[in-house]
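Peer 1: So the chains spell out like this:
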Amino acid sequence: MKRHILAIAIAATLLGLASCETAPESDAQLAQARSAIAQAEANPNVAKFAPTELDRARKLLVNAEGVAKQQGADDATAVHYAYLATQMARISEQRAQEQVATARIKASEAERKDILLSGRGNEVHQPLEDLQAAQTPRGIVLTLNDALFDSGKAQLKSGARRSIDEIAAFLGENPGRRVQVEAFTDSDGTNDYNLELSQSRADAVAMAIIKRGIDAQRVRALGYGEEFPVAGNTSDGSRQRNRRVEIIVSNGDDAIPGRAVPGQTLAGSP
Amino acid sequence: MITVNGIRNAIWCAIAFGIVACASTPMPVEKLAVARTSIERAEQAQASQFAQLELDGARSKYAAAQVAADKHDALIAARLADQADVDAQLAESTARAKQQEQRVNEMDADLRDLRSESLRNSVAGAQTAQPAVPIRQ
Numbered sequence: 001m002k003r004h005i006l007a008i009a010i011a012a013t014l015l016g017l018a019s020c021e022t023a024p025e026s027d028a029q030l031a032q033a034r035s036a037i038a039q040a041e042a043n044p045n046v047a048k049f050a051p052t053e054l055d056r057a058r059k060l061l062v063n064a065e066g067v068a069k070q071q072g073a074d075d076a077t078a079v080h081y082a083y084l085a086t087q088m089a090r091i092s093e094q095r096a097q098e099q100v101a102t103a104r105i106k107a108s109e110a111e112r113k114d115i116l117l118s119g120r121g122n123e124v125h126q127p128l129e130d131l132q133a134a135q136t137p138r139g140i141v142l143t144l145n146d147a148l149f150d151s152g153k154a155q156l157k158s159g160a161r162r163s164i165d166e167i168a169a170f171l172g173e174n175p176g177r178r179v180q181v182e183a184f185t186d187s188d189g190t191n192d193y194n195l196e197l198s199q200s201r202a203d204a205v206a207m208a209i210i211k212r213g214i215d216a217q218r219v220r221a222l223g224y225g226e227e228f229p230v231a232g233n234t235s236d237g238s239r240q241r242n243r244r245v246e247i248i249v250s251n252g253d254d255a256i257p258g259r260a261v262p263g264q265t266l267a268g269s270p
Numbered sequence: 001m002i003t004v005n006g007i008r009n010a011i012w013c014a015i016a017f018g019i020v021a022c023a024s025t026p027m028p029v030e031k032l033a034v035a036r037t038s039i040e041r042a043e044q045a046q047a048s049q050f051a052q053l054e055l056d057g058a059r060s061k062y063a064a065a066q067v068a069a070d071k072h073d074a075l076i077a078a079r080l081a082d083q084a085d086v087d088a089q090l091a092e093s094t095a096r097a098k099q100q101e102q103r104v105n106e107m108d109a110d111l112r113d114l115r116s117e118s119l120r121n122s123v124a125g126a127q128t129a130q131p132a133v134p135i136r137q
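Keeping their order, the protein sequence lines are chains A and B. Under the numbering used here, think of the first position of the first sequence as 1, with each following residue one higher. Under the numbering used here, think of the first position of the second sequence as 1, with each following residue one higher.
Some hints could be false.
Some but not every residue of chain A turned toward chain B, in silico, with C-beta under 7 Å [what the hints assert, rightly or not]: (1) Leu-84; (2) Gln-87; (3) Ile-91; (4) Gln-97; (5) Glu-98; (6) Ala-101; (7) Thr-102; (8) Arg-104; (9) Ser-108; (10) Arg-239.
Worth flagging that the hints you see were computed from the coordinates, not collected in a lab. Here the structure is a predicted model, which means the values were calculated and not measured. Idealized CB from N, CA, C, for every residue including glycine.
Given these sequences and hints, build the entire structure.
Peer 2: See below:
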């Protein structure tokens with residue numbers, strides 16, 4: 001009798017040791033849930049378009065981790081919650097992706113309408129000719145002339161759409177690049193007025209790019225007012241050249257250097 | 001020392017525990033219904049075409065949940081129903097995302113054609129078109 005009890009005790013101890021030594025199944029599922037959530041968190045569109053789903057995934061993971069930590073808790077429960085967390089994180093990514101695609105479809109539909117409406121006859125389409133690009137140390141600089149806005153206004157004219165479509169499409173194809181929108185005015189009007197107008201214009205262009213499905217964190221808008229003129233402000237023609245929007249597309253995913261250094265101003269600056 | 005009383009108490013405890021356990025875990029009828037609805041939504045979103053794997057997972061877990069419910073295994077039935085539900089949601093969202101991506105690609109191709117046609121026309125119409133450096137790589 002005694003011997004039997006001893007044998008059972010030994011078996012139980014061995015079993016206990018064995019179950020301690022092998023990692024519980026929940027470890028692997030928890031790791032998978034964490035990495036699925038980390039992946040969803042790294043995608044800025046998820047925070048923008050599917051925050052509720054991501055939040056649910058996080059809460060499920062907290063649940064799973066709580067259960068896993070409990071002494072003597074059923075490991076299957078932790079595995080279960082970790083699985084739900086994993087799937088929810090994946091759902092958040094898919095929902096965000098669907099939203100991004102939907103935004104792009106809307107932008108494409110608008111552009112398509114625009115092209116069709118503008119006619120395919122011999123009419124001259126301005127926007128593409130207005131878009132000049134130059135490679136500089138700061139990145140690719142695209143200069144858009146003042147035909148984007150009416151005088152004193154910060155609302156984009158419909159003719160600006162195609163240039164912005166082009167830029168947005170480029171950014172869509174190059175997810176590692178950032179863009180900085182810089183707007184400038186001529187020297188007419190007060191400094192404060194020009195600064196505010198240029199900032200509003202830069203914001204309008206940036207907003208238009210973001211609306212085409214580019215993540216807001218990749219787009220920065222700066223209004224410089226009448227600073228950094230490219231021409232002398234002495235004639236109508238030179239003033240027109242100063243009224244412009246420059247779009248700097250980064251060469252990589254580095255931040256775009258600022259403009260404060262005089263050596264970096266454009267040729268033609270006084 | 002095991003007494004008759006002790007055994008009797010143990011039996012009462014077991015019965016009481018059994019009743020409590022039964023009362024607190026009814027069959028997860030609602031969870032099963034939720035999973036069923038999610039699977040139907042996924043099917044409507046053409047998941048069988050765009051997210052076959054996820055949809056299959058949802059269906060087999062739903063079937064297993066029903067089997068568990070028939071055997072009055074409420075805990076397993078509830079878990080399987082919950083998992084079938086998230087699998088179906090993933091199937092649906094994946095299918096929707098893929099279909100939208102497909103539409104984006106179609107529209108992009110369509111727009112490229114339209115743009116180049118429109119550009120050709122505008123260049124032909126423009127007297128002094130400045131050469132623009134193409135932004136695309």
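Peer 1: Let me know if the C-beta of Thr-102/A comes in closer than 7 Å to any C-beta of chain B, holds or violated.
Peer 2: It holds, given that the least Cβ distance between Thr-102/A and chain B is near 6 Å, below 7 Å.
Peer 1: Should the interface hint for Arg-104/A be scored as holding, given a Cβ-Cβ cut-off of 7 Å against chain B?
Peer 2: holds, 5 Å
Peer 1: Please check whether Gln-97/A passes as an interface residue: C-beta within 7 Å of a C-beta belonging to chain B.
Peer 2: Cβ of Gln-97/A sits 4 Å from chain B, so the hint holds.
Peer 1: Please verify that hint: Ser-108/A, Cβ, nearest Cβ of chain B, below 7 Å or not.
Peer 2: holds, 4 Å
Peer 1: Quick one, is the Leu-84/A hint okay against chain B at 7 Å, beta carbons?
Peer 2: holds, 5 Å
Peer 1: Taking the least C-beta to C-beta distance, is Ile-91/A closer than 7 Å to chain B?
Peer 2: holds, 5 Å
Peer 1: Under 7 Å is the threshold here; is the Cβ of Glu-98/A close enough to any Cβ of chain B for the hint to stand?
Peer 2: Holds, about 4 Å.
Peer 1: Double-check Gln-87/A for me: the hint is only fine if its C-beta lies closer than 7 Å to a C-beta in chain B.
Peer 2: With a minimum Cβ separation of about 4 Å from chain B (threshold 7 Å), the hint on Gln-87/A holds.
Peer 1: Checking hints one by one. Is Ala-101/A an interface residue toward chain B, by the C-beta closer than 7 Å rule?
Peer 2: holds, 4 Å
Peer 1: Taking the closest Cβ pair, is Arg-239/A under 7 Å from chain B?
Peer 2: With Cβ-Cβ at 19 Å, over 7 Å, it is violated.
When each numbered hint is compared with the structure, a violation occurs for hint 10 only.
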